[in-house]
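Participant: Chains as they are written, first to last, in this note's numbering: chain U, -7 to 246; chain G, 81 to 337.
Hints listed in this document are in silico derivations from the structure and should not be mistaken for laboratory results. Values in this document were obtained by computation on a predicted structure and should not be read as measured data. Hints are supplied without guarantee of correctness; some may be wrong.
[Unchecked claim] Simulated crosslink set (SDA-like; lysine to any residue; CA at most 25 Å straight-line):
{"#": "1", "chain 1": "U", "residue 1": "K205", "chain 2": "U", "residue 2": "T194"}
{"#": "2", "chain 1": "U", "residue 1": "K228", "chain 2": "G", "residue 2": "G114"}
{"#": "3", "chain 1": "U", "residue 1": "K(-2)", "chain 2": "G", "residue 2": "P86"}
{"#": "4", "chain 1": "U", "residue 1": "K228", "chain 2": "U", "residue 2": "N188"}
{"#": "5", "chain 1": "U", "residue 1": "K38", "chain 2": "U", "residue 2": "D181"}
{"#": "6", "chain 1": "U", "residue 1": "K228", "chain 2": "G", "residue 2": "G269"}
{"#": "7", "chain 1": "U", "residue 1": "K205", "chain 2": "U", "residue 2": "D225"}
{"#": "8", "chain 1": "U", "residue 1": "K205", "chain 2": "G", "residue 2": "I173"}
{"#": "9", "chain 1": "G", "residue 1": "K100", "chain 2": "G", "residue 2": "A211"}
{"#": "10", "chain 1": "U", "residue 1": "K106", "chain 2": "G", "residue 2": "K89"}
{"#": "11", "chain 1": "G", "residue 1": "K277", "chain 2": "U", "residue 2": "R164"}
{"#": "12", "chain 1": "U", "residue 1": "K228", "chain 2": "G", "residue 2": "R254"}
{"#": "13", "chain 1": "U", "residue 1": "K228", "chain 2": "G", "residue 2": "T212"}
{"#": "14", "chain 1": "G", "residue 1": "K89", "chain 2": "U", "residue 2": "G23"}
{"#": "15", "chain 1": "U", "residue 1": "K205", "chain 2": "G", "residue 2": "G255"}
{"#": "16", "chain 1": "U", "residue 1": "K(-2)", "chain 2": "G", "residue 2": "E302"}
{"#": "17", "chain 1": "G", "residue 1": "K277", "chain 2": "G", "residue 2": "A211"}
{"#": "18", "chain 1": "U", "residue 1": "K228", "chain 2": "G", "residue 2": "M272"}
{"#": "19", "chain 1": "U", "residue 1": "K(-2)", "chain 2": "U", "residue 2": "H48"}
{"#": "20", "chain 1": "U", "residue 1": "K205", "chain 2": "G", "residue 2": "R254"}
{"#": "21", "chain 1": "U", "residue 1": "K(-2)", "chain 2": "G", "residue 2": "H256"}
{"#": "22", "chain 1": "U", "residue 1": "K228", "chain 2": "G", "residue 2": "H256"}
{"#": "23", "chain 1": "U", "residue 1": "K228", "chain 2": "G", "residue 2": "V273"}
{"#": "24", "chain 1": "U", "residue 1": "K(-2)", "chain 2": "G", "residue 2": "T270"}
{"#": "25", "chain 1": "U", "residue 1": "K(-2)", "chain 2": "U", "residue 2": "V120"}
{"#": "26", "chain 1": "U", "residue 1": "K228", "chain 2": "G", "residue 2": "A192"}
{"#": "27", "chain 1": "U", "residue 1": "K(-2)", "chain 2": "G", "residue 2": "S333"}
{"#": "28", "chain 1": "U", "residue 1": "K228", "chain 2": "G", "residue 2": "G255"}
{"#": "29", "chain 1": "U", "residue 1": "K228", "chain 2": "G", "residue 2": "S335"}
{"#": "30", "chain 1": "G", "residue 1": "K89", "chain 2": "U", "residue 2": "D225"}
{"#": "31", "chain 1": "U", "residue 1": "K(-2)", "chain 2": "G", "residue 2": "G255"}
{"#": "32", "chain 1": "U", "residue 1": "K205", "chain 2": "G", "residue 2": "T212"}
{"#": "33", "chain 1": "U", "residue 1": "K205", "chain 2": "G", "residue 2": "E302"}
{"#": "34", "chain 1": "U", "residue 1": "K(-2)", "chain 2": "G", "residue 2": "T85"}
{"#": "35", "chain 1": "U", "residue 1": "K228", "chain 2": "G", "residue 2": "L336"}
{"#": "36", "chain 1": "U", "residue 1": "K(-2)", "chain 2": "U", "residue 2": "K106"}
{"#": "37", "chain 1": "G", "residue 1": "K100", "chain 2": "G", "residue 2": "T270"}
{"#": "38", "chain 1": "U", "residue 1": "K228", "chain 2": "G", "residue 2": "A211"}
{"#": "39", "chain 1": "U", "residue 1": "K205", "chain 2": "G", "residue 2": "T85"}
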Amino acid sequence: MLSDLKDKRALVTGAAQGLGRAVAELFLERGARVVLTDIDADLLEKTAADLGGAAHAVVCDVTSEEQVAASVRACVDTLGGLDVAVNNAGIEIAKPLVEQTEEEFDRLMTINVKGVFFGIKHQTPAMVASGGGAIVNMSSVAGLGGVPLLGSYCASKAAVLRLTETAAIELRAAGIRVTAVCPSFIRTDMVARLVNPFEGATGANFDDLVAVKQQRLGTPEEVAEMVAFLASDDAKFVTGSHYVLDSGLTGSLF
Amino acid sequence: MTTRTPVLKDKIAIVTGGAKGLGAAIAVELDSEGARVVVTDIDGDGAAKTAAELARGESAVCDVRDDAAVEALVADVVARYGTLDIMVANAGIVTITPLTEMTMEIWHSVLAVNLDGVFSSVRHAGRAMAATGGGSIITMASITGFAGSPLIAHYAAAKAAVISLTKTAAVELRGHGVRVNAICPGFIGTDMVQERKSQFEQALGIDDFGAVLDQAQGRLGEVGDVAPLAAFLASDRSRFSNGSTFVVDGGMSASLV
């Protein structure tokens, strides 16, 4: 059946809430066993408990190479190997570029880009030992074009695409596929936090913008479906590609 | 268990160019996910052969260059089933011809199938779907629509145009519940590619086209690499995807070198 993940051993970063949680939830429904990682230990524990017995919580700050390596080891110890990894952990800054501080910019890049780099680097040997695998990185339509107030976020998500492409080519012979997903505005806390700064800075109504550009907000479940497809063997010849889900936002000039 | 429910149960689908290759594999995949598939092709016997392999298949002769024939096909399906849920505009042809030797006749012969045929399929399916509550249209583009593609200028130009057409159709039709997305395969081991290997080798001055593809894609693609993507895009699981291109090429287009 489509996007079957039966018996896959999966690791999802940033899984305490939002898109990461939705991905972990759908993976479990499709038959995977899942290690959820997040920096927020309390929320992570609660989420893992909500998701039931096949979900395992491992606290991890993706900006620490040692912690990323340890989270992969914990996954292998707990699940017996690693077949699928979703590098989802990320943050946003919603400010005009000229108002963003060096500290803010560096922190965002460290989480959103270096965190993915650490993920790919340490997930790879575990997947090689498991006979191959699939890595899905969370990019964004913000990696494909400019968005007011999201300058550093856009740059980080474009960087994720270049990491994805290069990793795909380098790891193809090892049987590891590397792909990315580019959602537009999805019904998450991250997008909810954007509304006030966006309306304040642009004078535009956010709901109107969403209605015109993408009809409605996407749902975390819709993003999770695309991640599940790419993670599954149904996408066995897909690597180095980024799959957009945006209800036409990037497809239209208007 | 939800994972065992066919994702296209009772959906009504048309697949053009379904006699062989990607079209036939997609017809089989949609059928396996529960859809009723009308397999069409200019080769009626070939379409019937594919349909015979399906649990709920039927076939029809359709030359997609004939706009009235495509309109009649869609009208017939809607008349009999009350709806059209899925259109896979897949029919396509190619010749291996250097640009400077490509006559207007050769140019137009490929554009007529690969672009005009897709246009007719999209516009008639789009109209029918908009009138019956929505649906999913899948166009068969190609990674040749993104990059220079020696010896197939007509094919690549048509595929680039199909990508553009897909995006405009998506935006025009989304208010009516119709989604339009493009699949962009790399080189797949269909007759279209296999039968022309020696022509590519001769024209490009290379010894082994297969080795070139192995280097670029890891391996030659198989129709089974593409068919599940069509089922995904046809299904409600991809309901937020519209106007997008979905590359399946083993990483060929991701690499600059």
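Participant: So, for every hint listed, does it hold in this structure?
Facilitator: Results for each hint:
Distance restraint check for K205(U) and T194(U): the Cα-Cα separation of roughly 16 Å lies within the 25 Å cut-off, and the hinted pair is therefore satisfied. Proposed proximity of K228(U) and G114(G) is supported: the alpha carbons are some 22 Å apart, at most 25 Å. For the given pair, K(-2)(U) sits about 16 Å from P86(G) by alpha-carbon distance, which is consistent with the 25 Å threshold. Simply put, K228(U) and N188(U) have alpha-carbon atoms about 42 Å apart, too far for the 25 Å limit, and the pair is violated.
For the given pair, K38(U) sits about 17 Å from D181(U) by alpha-carbon distance, which is consistent with the 25 Å threshold. For the hint pairing K228(U) with G269(G), the CA-to-CA distance comes to about 15 Å; that is within 25 Å, so the pair holds. Distance check on the hinted pair: K205(U) and D225(U) sit about 32 Å apart at the alpha-carbon level, beyond 25 Å; violated. Distance hint between K205(U) and I173(G) is unfulfilled; the C-alpha atoms sit about 35 Å from each other, more than 25 Å.
Proposed proximity of K100(G) and A211(G) is contradicted: the alpha carbons are some 31 Å apart, above 25 Å. Restraint check for K106(U) and K89(G): the C-alpha separation of about 43 Å exceeds 25 Å, so the hint is violated. Between the alpha carbons of K277(G) and R164(U) the distance comes to roughly 24 Å, so the proposed pair stays at or under 25 Å and holds. For the hint pairing K228(U) with R254(G), the CA-to-CA distance comes to about 30 Å; that exceeds 25 Å, so the pair is violated.
Distance hint between K228(U) and T212(G) is unfulfilled; the C-alpha atoms sit about 35 Å from each other, more than 25 Å. Simply put, K89(G) and G23(U) have alpha-carbon atoms about 21 Å apart, close enough for the 25 Å limit, and the pair holds. Restraint check: the Cα-Cα separation between K205(U) and G255(G) comes to about 11 Å, which is no more than 25 Å; the hinted pair holds. For the proposed pair K(-2)(U) and E302(G), the alpha carbon gap of about 23 Å is at most 25 Å, so the pair holds.
Distance check on the hinted pair: K277(G) and A211(G) sit about 44 Å apart at the alpha-carbon level, beyond 25 Å; violated. Of the supplied pair hints, the one linking K228(U) and M272(G) holds, its CA atoms being roughly 22 Å apart against a limit of 25 Å. Annotation: proposed proximity of K(-2)(U) to H48(U) holds, straight-line Cα distance about 17 Å (limit 25 Å). Between K205(U) and R254(G), the direct Cα distance comes to roughly 11 Å. Compliance with the 25 Å bound is thereby established for this hinted pair.
The suggested pairing of K(-2)(U) with H256(G) is violated, with an alpha-carbon distance near 36 Å, which exceeds 25 Å. Only pairs whose Cα atoms come within 25 Å are accepted, and K228(U) paired with H256(G) is rejected, the gap being roughly 33 Å. Using a Cα cut-off of 25 Å, the hinted pair K228(U) and V273(G) holds, with the two alpha carbons roughly 20 Å apart. Distance hint between K(-2)(U) and T270(G) is unfulfilled; the C-alpha atoms sit about 30 Å from each other, more than 25 Å.
Of the pairs offered as hints, the one joining K(-2)(U) and V120(U) holds, with about 19 Å between alpha carbons and a cut-off of 25 Å not exceeded. As the CA atoms of K228(U) and A192(G) are separated by approximately 33 Å, the hinted pair breaks the 25 Å bound. Between K(-2)(U) and S333(G) the CA atoms are separated by roughly 30 Å; this puts the pair beyond 25 Å, and the hint is violated. With a C-alpha separation of about 33 Å, the suggested pair K228(U) and G255(G) falls outside the 25 Å cut-off, and the hint is violated.
Our distance criterion of 25 Å between C-alpha atoms is met by K228(U) and S335(G), whose separation comes to about 18 Å. Restraint check for K89(G) and D225(U): the C-alpha separation of about 21 Å stays at or below 25 Å, so the hint holds. Between K(-2)(U) and G255(G), the direct Cα distance comes to roughly 37 Å. Violation of the 25 Å bound is thereby established for this hinted pair. Distance check on the hinted pair: K205(U) and T212(G) sit about 24 Å apart at the alpha-carbon level, within 25 Å; holds.
Note on K205(U) and E302(G): the hinted pairing is violated, with a Cα-Cα distance of about 36 Å set against a maximum of 25 Å. The straight-line distance between the Cα atoms of K(-2)(U) and T85(G) is roughly 15 Å, inside the 25 Å bound, and the hint therefore holds. A C-alpha spacing of about 21 Å is found between K228(U) and L336(G), which places the hinted pair at or below 25 Å, so the restraint holds. At most 25 Å may separate the alpha-carbon atoms for a hinted pair to count; K(-2)(U) and K106(U) exceed this at roughly 30 Å.
For the suggested pair K100(G) and T270(G), the alpha carbons sit about 8 Å apart, so the restraint of at most 25 Å is met. The suggested pairing of K228(U) with A211(G) is violated, with an alpha-carbon distance near 36 Å, which exceeds 25 Å. For the hint pairing K205(U) with T85(G), the CA-to-CA distance comes to about 33 Å; that exceeds 25 Å, so the pair is violated.
Of the hints listed earlier, those the structure fails to meet are numbers 4, 7, 8, 9, 10, 12, 13, 17, 21, 22, 24, 26, 27, 28, 31, 33, 36, 38 and 39, in rising order.
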